[in-house]
Amino acid sequence: MYTLYRFTLNCAYVLSIVLFSLNPFTVTAKTKTQLTVYTYESFVGEWGPGPQLKKDFEAECQCELIFKAFGDGAALLTHLRVKKEQTQADVIMGLDNNLLFDALNTKALIPHTIDTSSLTLPIKDRIDIFLPYDYGYFSFIYNSEKLPHPPTSFEELVQNKNIRFIMQDPRSSTPGLGLLTTVKKTFDTQAADMWKKLSQQIVTVAPGWSEAYTLFLKGEAEMVWSYITSQAYHESIGEGKKYKAAIFNTGNYIQVENVAITKASLKRNFALAKKFMQFLLTDKAQAIIAQSNWMHSVTDYNEKLPIYFQNLPKASHTLYYKSQTVSENKTLWIEEWQNAMVE
Amino acid sequence: MKHFYLLIAYCRDICFFFSPVYLYCITLLLPVSGFFSLYILISYSDPLTIFDIISKVYFQTIIIFSFFQALLSTVLSLIGGLFLALMTVRLTSSRLRVFLLHVFSLLFVTPSIIAITAIIAAYGKEGYATSALSFFLPHTWSIYGLHGIIFAHIFFNMPLAARVFFERLQNTPIIYFYLAQNLRFNAWNIFRHIDWPSLYPTLRSLSLIIFTYCFTSFAVIMVFGGTPKYTNLELAIYQHIRFDYNIPVAATLALMQTVILFCVLILLSRYRYMPFKTPIKGADLPIYRPERYSYFAYVSDIIAFLLLLFIVIVPLLSIFLKNMNTQFFMLLASSYFWKALYNSLFIASITVILSAFICYFSLECWRSLFIHGKTRLVAQRMITFYNMCWVFTPVIISTSTFIFTTFWIPKIVYPAWWNIVIINSFFSVLLMFFLLRDRYMKHCSDYMLLSQSLGLTGWKRFKIIDYPLLRSPFYMGCAIVFVLSLGDITSVTFFRESGIITLPLYIYQLLFSYQFDLAFTACLWLIIISLGIFFIFNLLQKKSFYA
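In order, the protein sequences belong to chains A and B.
Going by my numbering, the first sequence opens with residue 1, and the numbers climb by one from there.
Going by my numbering, the second sequence opens with residue 344, and the numbers climb by one from there.
Calculated from the structure, these hints are not laboratory results.
Zero decoy hints are in this set.
Capping the alpha-carbon separation at 20 Å, the derived lysine to any residue pairs in SDA-like fashion look like this:
id : chain 1 : residue 1 : chain 2 : residue 2
1  : A       : K330      : B       : P591
2  : A       : K107      : A       : L266
3  : A       : K68       : B       : T836
4  : A       : K185      : A       : Y320
5  : A       : K84       : B       : W751
6  : B       : K754      : A       : T87
7  : B       : K468      : B       : D860
8  : A       : K241      : B       : D860
9  : B       : K682      : A       : Q52
10 : A       : K107      : A       : S327
11 : A       : K32       : A       : K274
12 : B       : K468      : A       : N162
13 : A       : K274      : A       : D115
14 : A       : K275      : A       : P111
15 : A       : K197      : B       : Y401
Take the sequences, apply the hints, and build the full model.
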């Protein structure tokens, strides 16, 4: 018995050593041309568009598409700032409109020279380096069972003290910054006053979108700051019209996600990178992105998206700041917000 | 096997593998890396911005607030932990006692996303406890605010305090109680004259750990705080490094935080180590407590039970009841889940092996310094230095590692998960050292003369004396460290560019893709796996090589 016990134990040791020596993070051997795309975390996740895009693009190009995930858009930008032209990435995917100016300043990206006439974006302000691949509007999402008559403006929201909402911190999350810019764009010099009034109705300021939305779904508040397209998700899984987007008549702030080619790709496979960007504008890719990233399509494929996308309410008009303005004033705006909330 | 030991013995003679000089170097690893990271921060910080930052009202508010809430959380966690420890030590069922200790160990190392979900499931607007207690609670009651923050901090830290206190209470010499009975001590006298003196020496380091934790935990403060009024420096550091990429300001803020924590440390640093009096027992052995059936003990046990019920049991049960859905087993079919689990287990295993190794040598070095009168002062200072390392929070260590790897050694190529392992090991060694030092000291004072008289040194001493007797607490320490590393999110956030998916990251990925049900299911699995790890290590410690 004892020998058997020792034998099993030794086997377990050997087995564990063998298991550990097989490094789980090894990259597969190079056989085809590789295109490396750096993107954000949820893009490449099991439910993100990454896996399906990889499959479809690889079938077309006879190459290997490697997605590498960074935390979020800001982390991608940090990478560009640190590595500059030394980056291993051929394509950077997931820079939103607020980050473009800083990304441009890294001088690590080059113009994509792709025909953008098929784009149907609501804003025409373009930089020839960045190619938009999806967009969405920020808005409040409310639970229509608890809140049959949602507010239609910030003033109405402030008047109805029973409505409480959850927002994200603009210092640590993109949607949070979206609310900050929305209020700033709408109220300009009165923004601080509006924040003072709004602060009475904030349940909590969550560190990120996922925490905020989790709290909302657990019934902690009547409204949460998110995207109009969140409504489409709930409709798609058969939750009917329980969760809806509240459209304010003052307009909705837009978020456009962009893809760009790095200077480093010139030495490797610029042509392939360009092909990938063209692929992103095809109907096939747009369908995948819209339905797993839950964003609008940037081409006229928007009209062919499933019914729950067609049912989405339209933004009354588009609010938008130039990337440079956001980059230069962000710190000031955040300070203004902080001071208004603390008082 | 015999040949293997022989080989080790030869190696020892050749390379002095177990010679003290080598040991001292390993011992220095921890403080040196801590202070090196501080040096990196100083070299990148911009001293002129300090005045700029301090002059802002906002920063003054958050520093005062952080200080206040951390102090309150620490005091309450320690008081709660005291009641829990007294109850645990009075329990007659040893199985229940061991189970409770596992749960206590687990709670301290729970990832914050799970703790947040658990507390919301119980005390949120639609939580079970809120609806059950709606009769007693005011209509406008909500978990958000200062009380929410303090509740969450007690949820994390009270179990740690209870665990550490239990260890001391359990090992009170039985003769004290015989004496107490002769002197007709009542329960209060027993607490005052027997328990308190043995708990007192741990109070300082424990309160330092809890204070640091509460002072710097930003996810909890943000979610339960309600407004940005309740926030802390840690978030500002995170913001400046991840979003604004303003390293000078981030480094300055990190430096300010470290300075504040150092001030707290100095207040608490008059630490004198007090060894145990009797041989240390396992938690599953019966404990003699004469006051078990007195009124005083009943009242204290009822308070402890209520604390346990409302702070530990209700949130943990609620998270299971609320999130148990049809997808519970469906998750197991996902290859991503298994990949994430495998990566997490891989990183955690390497961390545990590395930190157990470093911790053993650190303990051995500390012990050998302590037993000699001449070097005892050095040993006391070593403890002070190790305590100092608690002020380096995950964000600070991650920030400096980030700066170090990107600017100082950009050319050196090595697998990026090593960064995660190294950062996790730093905290693991610290925690393990803190949890094991009393036991190790006692063990050595009991068996050192024996092993010297038998001529057992180095590997032989480890094999014959240390390992069989210290296996149980060592495995327990390993289990805690393993789970800590399993749930780590901070260092992974900094170094996830390497494309690693770990289990907590996978949960965030699911949340961002609107897969809330699956994400909560993954949270439940993470809790189950963590508990499973405690039980596996518990089984391991029972299996004897000399069976």
